[in-house]
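Line by line, the protein sequences give chains A and B. Numbering-wise, the first sequence is residues 3 to 336 according to our numbering. Numbering-wise, the second sequence is residues 99 to 645 according to our numbering.
Read the hints as simulated data drawn from the structure, not as lab findings. Just so you know, even glycine gets a beta-carbon here, dropped at the ideal spot from N, CA and C. Any given hint might turn out to be false.
Unchecked claim - Keeping only pairs whose Cα atoms sit at most 20 Å apart, straight-line, the calculated EDC-like set for lysine to aspartate or glutamate is: (1) B:502 <-> B:481; (2) A:51 <-> B:562; (3) B:502 <-> B:513; (4) B:338 <-> B:228; (5) A:251 <-> A:233; (6) B:446 <-> B:263; (7) A:51 <-> B:340; (8) A:51 <-> B:513; (9) A:51 <-> B:261; (10) B:502 <-> B:595; (11) B:152 <-> B:341; (12) A:51 <-> A:35; (13) A:255 <-> A:186; (14) B:152 <-> B:459; (15) A:51 <-> B:607; (16) A:244 <-> A:233; (17) B:446 <-> B:459; (18) A:51 <-> B:459.
Said to hold, decoys possible - Coverage of chain A stretches by chain B, computed from C-beta distances (three or more under 8 Å per stretch; other residues unrestricted): (19) 13-20; (20) 68-75; (21) 309-321.
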Amino acid sequence: MLHYIGSRLLQLIPVLLGMTFIVFLIIRAIPGDPAQVILGQQASEEAVKALRDRLGLDNPWYVQYFDYLIGLFTGDLGESIRTRTPVVDEIWPYLAATIELSIFAIIIAVIIGINAGIISAWFQNSWFDYTAMVIALIGVSMPIFWLGLMNQWIFSIELGILPTTGRENVRNPVDSPTGFYVFDTLIRGDFDQLSTVLKHLILPGTALATIPMAIIARMTRSSMLEVMRSDYVRTARSKGLKMFWVVYKHALKNAIIPVLTIIGLQMGLLLGGAILTETIFGWPGIGRYIYEAIGFRDYPVIQSGILVVAFIFVMINLFVDLLYSLIDPRIKYD
Amino acid sequence: MGKKKFLLLALLLLLMLSTALYGCTGDDDAGTDTDTDTGDSGETDDAGESGEEKILVFGRGGDSVSLDPISVTDGESFKVTKNIFDTLINFGEQDTEIEEGLAESWEASEDGLSYVFTLREGVTFHDGTDFNAEAVVANFDRWAGGDAEQFPYYGSMFGGFGDDEGHVIDSVEATGDYEVTFTLNRPQAPFLKNIAMSPFGIASPTALEEAGDTFGDNPVGTGPFQFVSWNRNDTVTIEKFDDYYIEDEPKVDQVIFRAIPDNSARLNALLSGEIDLADGITPSDAGTIEGDDNLQLFERPSMNVGYLGLTNTREPFDDPLVRQAMNHAIDKQAIIDGFFEGRAEPAKNPIPPVFAAYNDDIEEYDYNPERARELLEEAGLPDGFEMELWAMPVPRPYMPDGQKVAEAIQSNLADVGITAEIVSYEWATYLERAAAGEADAFLLGWTGDNGDADNFIYVLLDQDNIGSNNYTYYENQDLHDLLIAAQTEVDEDVRNDLYMQAQEIVHDDAPWVPLVHSTPLLAGGTNITGFYAHPTGSDKLASVDME
């Protein structure tokens with residue numbers, strides 16, 4: 003097992019290196035000069051030239067790339083061109099905001115998605131099955147933008163029960179040393195704040211959960227249907243076991259593996275920062291951070307932001323792979 | 099063994115489920131709460147926590163870049179720093195006339211080469227440092243000793259730094275405890291207006307020294323509010339400065355600037371009461387605000403221009419006749435009615451009508467497709483031509499929807515035989531390619547910085563600015579001579595006259611189709627009083643109160 007983890011971690015290095023290389027080339031291939039963008043429309047040519055010099059933007063790209071790599075190995079993610087702050091120092095709050103939202107969304111997606119999939123498979127071709135799958139189809143094709151604004155309108159303006167945007171009641175801000183508001187308020191036992199924070203999570207969380215939920219439901223259903231037809235399930239049923247246990251205990255265990263893969267991938271995608279969700283709900287997450295950096299051609303932020311997200315993505319997938327053997331002991335990594 | 103692991107997993111799922119359920123109960127609580135509080139959960143919470151404090155939440159489209167005003171050029175930074183820092187001279191409440199600020203009075207020498215400022219006494223910075231002549235000198239020395247990267251606006255407004263040839267300010271000296279003398283290398287007509295711009299807010303010298311490079315995260319000025327905290331991309335919080343030099347200001351205890359990038363979401367946040375004031379209301383939403391008894395609309399006096407630039411070096415726009423034909427072909431009023439909900443006025447000059455230098459005698463190119471056709475024929479293009487029409491990818495106050503305006507223009511042009519293909523690029527790309535002269539015709543605009551005509555006509559149309567803000571590559575030596583003369587002319591009337599002439603030249607050469615001067619909109623609760631939207635886009639919130 004440890005050997006397997008070790009080799010997977012080693013594999014990470016070429017993957018991440020390749021990724022930095024591709025990102026590096028792509029962002030330099032798009033037109034737009036960071037020096038010009040940062041100095042503003044009024045800047046003189048000399049000023050732009052001076053800034054380009056300081057940032058080393060006139061060096062050949064491979065020199066720039068090499069400099070960047072050397073920085074990476076010393077733990078230096080570069081300095082934001084726009085805010086002149088090291089990326090390492092400013093990235094955490096954005097990342098924490100996105101992680102919190104993603105975890106919340108994936109919990110919703112997993113609980114509802116898996117159960118809807120199971121029940122659909124259990125009662126195949128029933129009205130529940132049809133309704134759930136139609137909803138799932140709508141879910142995967144739902145424009146999040148529209149859904150988000152409609153939810154704001156219904157739940158915040160018409161019903162007045164949920165806040166429209168943001169992570170907290172700004173008039174009574176949360177003191178959060180870790181950046182995870184739920185965690186901090188929970189630890190402190192500040193349940194008033196916890197409830198405010200959770201309320202702020204609901205709308206963006208459900209908007210973000212919609213697509214993964216639909217995908218998970220469909221995946222679970224098809225995977226379950228396959229397993230339900232297998233011999234051991236028939237045996238279990240003929241043995242007189244209650245259907246509930248057959249489904250949730252025996253069938254699910256074998257059906258869950260492909261679903262887990264999907265969950266892992268979806269979780270990774272969510273962490274990449276859902277730019278639309280973060281924009282509509284004014285969520286100060288990593289997606290918007292990187293997206294805005296693109297507008298400003300803030301190369302170090304784009305490169306390092308994507309690097310961090312990719313790293314997490316790969317780690318989640320590693321974790322999911324390890325989960326397989328936990329759930330299905332037949333899978334061994336040696 | 100397997101069973102145990104499965105149980106473990108089930109337990110984990112149960113834990114997740116309970117967390118989610120807790121979320122739902124929290125939700126229900128909110129429902130009962132808000133029944134007694136008309137849908138504003140925000141207000142309930144803070145009433146309990148902080149008593150009678152008046153907290154103003156100002157929703158806006160983006161976050162600030164830095165809170166050290168001299169180091170930035172973006173409006174979202176100035177929106178905050180305007181309230182933390184004071185300038186020697188202030189702009190008027192809703193115009194760009196100059197008024198006393200940290201300086202009580204000033205005197206210019208006849209030749210316009212020296213200015214003596216008498217400073218206000220008894221003013222202190224938020225950190226307790228005294229405000230005096232030394233503090234002013236320290237700030238100007240800091241700026242003049244920097245470079246364009248550190249202090250971009252200083253360089254562009256005062257012609258450079260230190261010993262640069264173009265640098266306008268020769269020296270700044272403390273000639274008394276509360277008297278500062280500026281000596282200039284050459285007269286600069288908008289000198290006082292420049293001094294009044296937000297970037298030139300006076301910072302505490304002690305704090306500057308202590309904070310060094312991190313001053314932008316710990317700004318200290320003499321303004322009505324002092325800095326409290328900043329959550330990037332989310333909120334900037336500032337609170338009342340008790341020793342502010344104007345006795346009964348500021349009226350509110352705290353201001354929180356909140357970034358909500360999406361216009362519709364910001365409007366939703368306003369409607370639900372989470373924010374008290376919202377910037378960047380799109381004209382199409384004005385009706386919603388006016389129809390709501392709890393909300394009011396604020397108009398920002400117009401100091402901008404939206405235009406269709408015609409790249410003068412590209413065929414067939416190298417022919418003034420074709421450019422004039424374009425001017426006659428486009429129906430500005432229809433664009434204003436359609437996409438600005440009438441909240442704009444048609445433009446005929448590059449500078450906005452509020453300026454004294456505005457030439458109202460210029461006869462506008464009226465909407466006249468017949469005349470446009472004639473002009474095209476005269477130019478040897480009786481069958482029209484094909485062109486690319488660039489549409490802005492981002493909304494701006496002077497152009498809330500570039501795509502739709504472009505479509506309207508496209509159909510106008512089709513009427514006179516011109517086939518326009520609409521194209522668009524991501525914003526930074528758009529600007530760079532337009533500046534490189536790659537567009538045939540492009541939508542763009544400008545919002546003024548200091549309320550001076552030079553800031554429009556010279557910046558946008560002079561040959562010195564080709565490659566930067568003169569995107570049209572328009573060149574005219576006569577115009578250039580007039581504009582350079584106007585820059586150093588200190589007599590206001592003579593100067594305005596120079597600009598009047600300049601506008602005539604621009605009108606005849608028609609490098610643009612000037613489209614609109616729009617009125618940007620804000621909205622807030624009806625309980626808000628004393629809010630005056632400033633044409634520069636940075637609003638002083640000291641006089642704002644909430645009832």
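Verification of the hints:
no. : hint            : result
1   : B:502 <-> B:481 : violated (26 Å)
2   : A:51 <-> B:562  : holds (17 Å)
3   : B:502 <-> B:513 : holds (17 Å)
4   : B:338 <-> B:228 : holds (18 Å)
5   : A:251 <-> A:233 : holds (15 Å)
6   : B:446 <-> B:263 : violated (36 Å)
7   : A:51 <-> B:340  : violated (44 Å)
8   : A:51 <-> B:513  : violated (45 Å)
9   : A:51 <-> B:261  : holds (19 Å)
10  : B:502 <-> B:595 : violated (37 Å)
11  : B:152 <-> B:341 : holds (18 Å)
12  : A:51 <-> A:35   : holds (11 Å)
13  : A:255 <-> A:186 : violated (34 Å)
14  : B:152 <-> B:459 : violated (49 Å)
15  : A:51 <-> B:607  : violated (32 Å)
16  : A:244 <-> A:233 : holds (16 Å)
17  : B:446 <-> B:459 : holds (10 Å)
18  : A:51 <-> B:459  : violated (42 Å)
19  : 13-20           : violated (count 0)
20  : 68-75           : violated (count 0)
21  : 309-321         : violated (count 0)
Checked against the numbered hints above, the structure violates hints 1, 6, 7, 8, 10, 13, 14, 15, 18, 19, 20, 21; every other hint is satisfied.
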